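Q: The listed protein sequences derive, respectively, from chains A, B and C.
So in our numbering, spot 55 of the first sequence is number 55, and the numbers just go up one at a time.
Each number in our numbering corresponds to the 1-based position in the second sequence with 347 added.
Each number in our numbering corresponds to the 1-based position in the third sequence with 634 added.
Everything labelled a hint here was simulated from the structure, so no lab data went into it.
These numbers were taken from a predicted model, which means no experiment stands behind them.
All clues given are correct.
Listed next, the in silico SDA-like pairs over lysine to any residue satisfying Cα-Cα at most 20 Å (straight line): (1) B:K602 with A:V139; (2) B:K602 with A:E142; (3) B:K602 with B:L353; (4) B:K602 with B:V616; (5) B:K602 with A:G149.
Listing some non-contacts, in silico: residues in chain B with all C-beta distances to chain A over 12 Å: (6) M348; (7) M524; (8) I530; (9) F542.
Using N, Cα and C, we set each Cβ at its ideal position, and we do this for glycine too.
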Amino acid sequence: MNRAPGARTFLPASGASGGRRVVPVLVAAALLLVPLAGSRFAATTLTEMLIFAIFAMSLDLLVGYTGLVSLGHAAPFGVAAYAVALLSTHGSVALAATLPAAIVAGTAAAALIGVFALRAAGVYFLMLTLAFAQMAYAVAHEWAGVTGGTNGLSGIPRPVLPGADLGGTVPFYYLVLLLGGLAALVLARITGSPFGAALAGVRENEARMRAMGYDTFRLKMAAFAIAGAAAALSGALYAYYNGFVSPDVLYWTTSGQVLVMVLLGGARTLAGPAVGAAAVLLLQNLASSYTERWTLILGAAFILVVLAAPSGLAGAAARLGGARRRLRAVDPGAGPLPPAPSEGTAR
Amino acid sequence: MTFYLLQALNGCAYGMLLFLLAAGLSLIFGLMEIVNLAHGGFYLLGAYLGLSIVRWTGSFWLALAIAPLITGGAGFLLEWPFLRPLYRRTHLDQILLTFGFAFVLTDLTRWLWGAGVQSLPAPRGLDQSVVILGTLFPAYRLFVIGAGAALALGLWLGLVRSRLGAVVRAGVANREMTQALGIDVAAVFTGVFVFGTALAGLAGVAAAPILGVFPGVDFEILIVTLIVVVVGGLGTFSGAFWGGLLIGEAETFGKVLVPQAALVVIYIVMAAVLLARPAGLFGGRAR
Amino acid sequence: MDAILSIERLTKRFGGLIALRDVSLSIAPGERHALIGPNGAGKTTLFNVVSGELPPTAGRVSLLRRSITGLPSHEIARRGLARTFQRNNLLFSLTALENVRLAVQACTAATRRLLTPVDRLPQLEEHARVLLDRMDLAGRAPVPARTLSYGEQRQLEVAIALAGRPRVLLLDEPTSGMSPAETARMTALLDRLGREQTVVIIEHDMDVVFALADRITVLYLGGVIASGTPEAVRADPRVQEVYLGTGEGLDG
Chain A
1 MNRAPGARTF
11 LPASGASGGR
21 RVVPVLVAAA
31 LLLVPLAGSR
41 FAATTLTEML
51 IFAIFAMSLD
61 LLVGYTGLVS
71 LGHAAPFGVA
81 AYAVALLSTH
91 GSVALAATLP
101 AAIVAGTAAA
111 ALIGVFALRA
121 AGVYFLMLTL
131 AFAQMAYAVA
141 HEWAGVTGGT
151 NGLSGIPRPV
161 LPGADLGGTV
171 PFYYLVLLLG
181 GLAALVLARI
191 TGSPFGAALA
201 GVRENEARMR
211 AMGYDTFRLK
221 MAAFAIAGAA
231 AALSGALYAY
241 YNGFVSPDVL
251 YWTTSGQVLV
261 MVLLGGARTL
271 AGPAVGAAAV
281 LLLQNLASSY
291 TERWTLILGA
301 AFILVVLAAP
311 SGLAGAAARL
321 GGARRRLRAV
331 DPGAGPLPPA
341 PSEGTAR
Chain B
348 MTFYLLQALN
358 GCAYGMLLFL
368 LAAGLSLIFG
378 LMEIVNLAHG
388 GFYLLGAYLG
398 LSIVRWTGSF
408 WLALAIAPLI
418 TGGAGFLLEW
428 PFLRPLYRRT
438 HLDQILLTFG
448 FAFVLTDLTR
458 WLWGAGVQSL
468 PAPRGLDQSV
478 VILGTLFPAY
488 RLFVIGAGAA
498 LALGLWLGLV
508 RSRLGAVVRA
518 GVANREMTQA
528 LGIDVAAVFT
538 GVFVFGTALA
548 GLAGVAAAPI
558 LGVFPGVDFE
568 ILIVTLIVVV
578 VGGLGTFSGA
588 FWGGLLIGEA
598 ETFGKVLVPQ
608 AALVVIYIVM
618 AAVLLARPAG
628 LFGGRAR
Chain C
635 MDAILSIERL
645 TKRFGGLIAL
655 RDVSLSIAPG
665 ERHALIGPNG
675 AGKTTLFNVV
685 SGELPPTAGR
695 VSLLRRSITG
705 LPSHEIARRG
715 LARTFQRNNL
725 LFSLTALENV
735 RLAVQACTAA
745 TRRLLTPVDR
755 LPQLEEHARV
765 LLDRMDLAGR
775 APVPARTLSY
785 GEQRQLEVAI
795 ALAGRPRVLL
805 LDEPTSGMSP
815 AETARMTALL
825 DRLGREQTVV
835 IIEHDMDVVF
845 ALADRITVLY
855 LGGVIASGTP
865 EAVRADPRVQ
875 EVYLGTGEGL
885 DG
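Start from the sequences, fold in the hints, and give me the full structure.
A: Below, the structure is given as structure tokens:
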């Protein structure tokens, strides 16, 4: 069956084909119907999960598909969030205006970081993504006149969309569901396209791809920009959801948290990070009711994930699903991540 | 003119602290090819430990001696049970593990010492200012410059002259070969990692009177250290030293000359160096 | 006749080490040119400089009369010069088919299509299957590259290189590490390639060289010591000295 290389599909190849269809349908039904029936709390929780699911999926395009582990993915997220905050508190409330502007701002931030970080090889890339995102944090922290400094910007009104009252929890949820669903569909389409196949090639062996004739720098830049755009979308929605933006959205812990979501859920599929996002948020909500030490717990979770799970929760579920995978054996020596392109396979 | 010379001295002191951090980081990377993203956390742990030791014993020098031992021990607790099992896996996994520990250390220190900004006064005897070029300059900073230079020399001699240093350099150059020669490379790894984290702790105590101790300084200093090693070249001793001085001066003068853009000065320096020399000023290999 | 690949006074230095000194070579269209010499003579380095993996220290390389000196490897590949690698350099987790399909895709505009599923572009896969068939790998299409036998991986290397319909093909020791049976198979496959592409082949196996080559160039310590027809090279005393001196024979 024709498929983009490496069988990176949206969903993990689980057991019987019946199982493949039932689960997504159930999930879709739940997402559509629960807010109507359930409490405001359910709708709010789901909203937050959807937002971070988009954020995590966007990072997965870089990590799982292109093999670029970014430690600074908070940058497009946070820049877009601040863009929304600034525009909204200065009078611009139409969604049609703020959303595109925020996405452009976030994508530009990602592209700018990409220009420097992608030129660097291997480990330098990692450090540069971290460094530049922290620079964005520092700017947000210090430039109090514009960004509100440590206090951030609060009182962000819900956007105005003709025909809908987005001030309500449920209508806003459906907006997030709509936009999130679109983003997920676009990302899934991209990973199944020839472009997505080329990204997988870069992940597998970048030098070989260059010898084939691919301009791998441009491919990586494109991936960076697309991932940045999707992260910016989630950042913009987050600003509206939260009503308040602080420099924390740009802090390294935010970049780390979304990376945990990707690794926990499994970088090998697009659905995995979405599941990982839900799991991490549930854990956070649970932990926060008992202790303030969420960062410590997150760190412990991070460590556990790196040490233990080869392909994250989604992969584990697929294995429990029963069926043997056809041909695509999981690399026994692999960690939670696919090998970085600069590492080669002979290690 | 005096003003600039004094700022240059300031930059020198800061540069020595950065050198201490960059040296530990570069040593770990040079041998193990891991960027220890928890390095800032060990720095902060050292600073807080220094604070506590001074409070209990009243002696800054005791703190300077003991804190690195404890952070080295903490480094051992990271390396032996957690990092070692990952040596079979990719460097990426190893680096991510250290990132996870960065979370742990940042929250641990917050938990144990609170979220407030604290300060550690310079030790008695060095807590005054001396007259240099007609103006007053903190004696402690002079001490940091002198001690830092001495330490740099000592480390360099240790690397170049001692047998242990030769083993480390051999391991950096060719791990498999060194192992084949019968040297327990895994033990050397542990030793180097512990030494690196001890250096970070030492830097934490030494820097506390100058930079202060508060949550968040771990990543502030980690980023600057990363910039130092990127500029100087990851894995090289000269890179850590000259990179540290360069960035130390750049940030000091940046703050003084262009306060609004102070944040971005060192990033601009890094970007410029990267564009010209992708492997850093002294880096032989662009890994 | 104009040379399709022209190498003029190419020099490559690594610090103090001179890997290539003043190498000049002119390859005619459709020619099959073998590059031989003892280990360390600089043959793979020459390939690396010509294909853009390494920049030259001095000299010029021209492809189809246009200079490609110092261009990045992906640009040179687009201009019609493809190469294989001495050590298998494949996308190991992907299947043989996926490897070749990516190679085919490289020379099309398909990579710009972000929203079209790969299924909707069957021509990529068809072209890939044809190439696999040419290299006798049709039955192994769905097998992950790392599961292929060593000889099959070498064949896959060639299939990938052929994907872009290159004008010039650089083959770096295509039969290295192969058994005699595999070598014979590879030689037959290479012979079947016809003359649409010009082939420059690095080889140690003299049987392969004499079966395929129209002309031979001998490299020694980074410099050309002989170049000409197989008979002329075989009879050249300098060449005999180099091979006798290093203990390797010229007769395979």
